[in-house]
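Undergrad: This is what each chain is made of:
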Amino acid sequence: MQFWEFANPRVFMGWTARVVPWTFGLAAATLAVGLVWGFFFTPDDFRQGSTVKIIYLHVPSAFMAINAWMMMLVASLIWLIRRHHVSALAAKAAAPVGITMTLIALFTGAIWGQPMWGTWWVWDPRLTSFLILFLFYLGYIALWTAIEDPDTAADLTSVLCLVGSVFALLSRYAVLFWNQGLHQGASLSLDAEENISDVFWVPLVVSITGFVLLFVALVLYRTRTEIGARRLYALTLRERMA
Amino acid sequence: MLALFARDLALAIRAGGGFGLALAFFLILVTLVPFGVGPLPELLSRIAPGILWVGALLASLLSLDRIFALDREDGSLDLLATAPIPLEAVALAKAAAHWVTTGLPLTLAAPVLGVLLNLPAPGHLWLLVSLALGTPALSMIGTFGAALTVGLKRGGLLLSLLVLPLYVPTLIFGAEAVARGVAGQDATTPLLLQGAITAGALAILPFAAAAALRINLR
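As you go down the protein sequences, you meet chains A and B in turn. For the first sequence, this note's numbering puts the final residue at 396, and the numbers step up evenly by one. For the second sequence, this note's numbering puts the final residue at 229, and the numbers step up evenly by one.
To be clear, the hints were calculated from the coordinates, so they are not data collected in a lab. Everything numeric in this text was worked out from a predicted model, so none of it was measured. Treat each hint with caution, since some may be false.
To be verified - Restraint ranges, calculated between C-beta atoms of paired labels, are given here: (1) 179(A) to 32(B): 26 to 36 Å; (2) 115(B) to 203(A): 56 to 66 Å; (3) 204(A) to 115(B): 57 to 67 Å; (4) 299(A) to 214(B): 52 to 62 Å; (5) 214(B) to 203(A): 44 to 54 Å; (6) 205(A) to 42(B): 40 to 50 Å; (7) 215(B) to 379(A): 28 to 38 Å.
C-beta atoms are modelled at their ideal positions from N, C-alpha and C, and glycine is treated no differently.
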């Protein structure tokens, strides 16, 4: 069986019906382990105290906010090139999840920033590029809801996603030029000299895995809903014709 | 392509096509800012580069939804799509006409409005240069946004939501160039980067705009 056959709507509905509950269960279990471990069984940071623990929500959601857009980009490309309807619907399904992740990252960052930096918000490059990412998600979702014909909507949002990706990247590096940052640098990279201590690192990786699984489960579930909605739409159209 | 460009120019200038409207909007915006923040000259000269750039950005946004909407209504967009020139060239010509009717007047008027906002003397030249380099990108990005929303009944609001985030890099480098010019620093780096964005937008976005038009005309 070829890889693309999984994208046939009927086949997709078949295997996702079996996979989705397991993914949800696995996500819940991983998240429970990661968050409980992170919140209750890690030491306080010597400078930040217990506020450091918000990292177990902040970093995974920020990670997923960016990767959700990446996934939408790939799905849009597949739709534009191979015209798989499921791919377009998956991109549509991922957008609200991605925007929620962006919001979680922004809010947890603000909650942490208030005691630590003494401010809810600064115009730091990372914070600003996340706000811009939020705007891109908003435009993308608004365009989906504004267009009636589903194929036209899929096409136009895909084009927007491609152009938006280029400009999101441009903005990300333009804001670096514009202002100096308060946000700490990367401390999870595999090749970095100085990373965070393993005591925090392991539960953090577990949380990130949990967020990835949660994202996959939500997107599959929402894609199933979209396919169902599309079938309903086709059925009502057929009925009206008859 | 030249004929299309000339036709769009003529339409914009003659039939109440909004030529000068953007300029008036720009003037009003600059007039309103001192009411909002107070008339202190030092404060105004500090924020002048940013205000002038944001004003130019919003003013060029005003006439975007007319780029394709009128042609769509009277059917000439369908004719353009079947014309011997490719749609990419149509998009480029439309963007050029939009720039000549909004971006160019804004660029020329900005130094004068800079006087109103107490922009320090070396800033005027940098403002002129950075706007001249940056506004073509604004027109091109806007044309792409207009092509995306041409099929919608009330695309205006959505258009601004789609286009404004795309304006971010242009705005950053433009305002930065003016701010550095005012402070007496070297402004070539932001200007070069801005030129790169404009060149990139002009090279890539006609294709994206044409693709969006084709989808909308299906």
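Undergrad: Look at each hint and say if it fits the structure.
TA: Each hint, compared with the structure:
For residue 179(A) and residue 32(B), the Cβ-Cβ distance of about 59 Å falls outside the hinted range of 26 to 36 Å, so the restraint is violated. Range check, residue 115(B) to residue 203(A): Cβ separation about 57 Å, and the 56 to 66 Å hint holds. The beta-carbon spacing between residue 204(A) and residue 115(B), approximately 58 Å, falls within the hinted interval of 57 to 67 Å. Checked against the hint of 52 to 62 Å, the C-beta distance between residue 299(A) and residue 214(B) comes to roughly 31 Å, which is inconsistent with it.
Between residue 214(B) and residue 203(A) the C-beta distance comes to about 52 Å, which sits within the given range of 44 to 54 Å. Distance hint for residue 205(A) and residue 42(B): a CB-CB separation of about 46 Å, consistent with the stated range 40 to 50 Å. The supplied range of 28 to 38 Å is met by residue 215(B) and residue 379(A), whose beta-carbon atoms lie about 35 Å from each other.
Hint compliance for this structure: hints 1, 4 are not met, and every other hint is.
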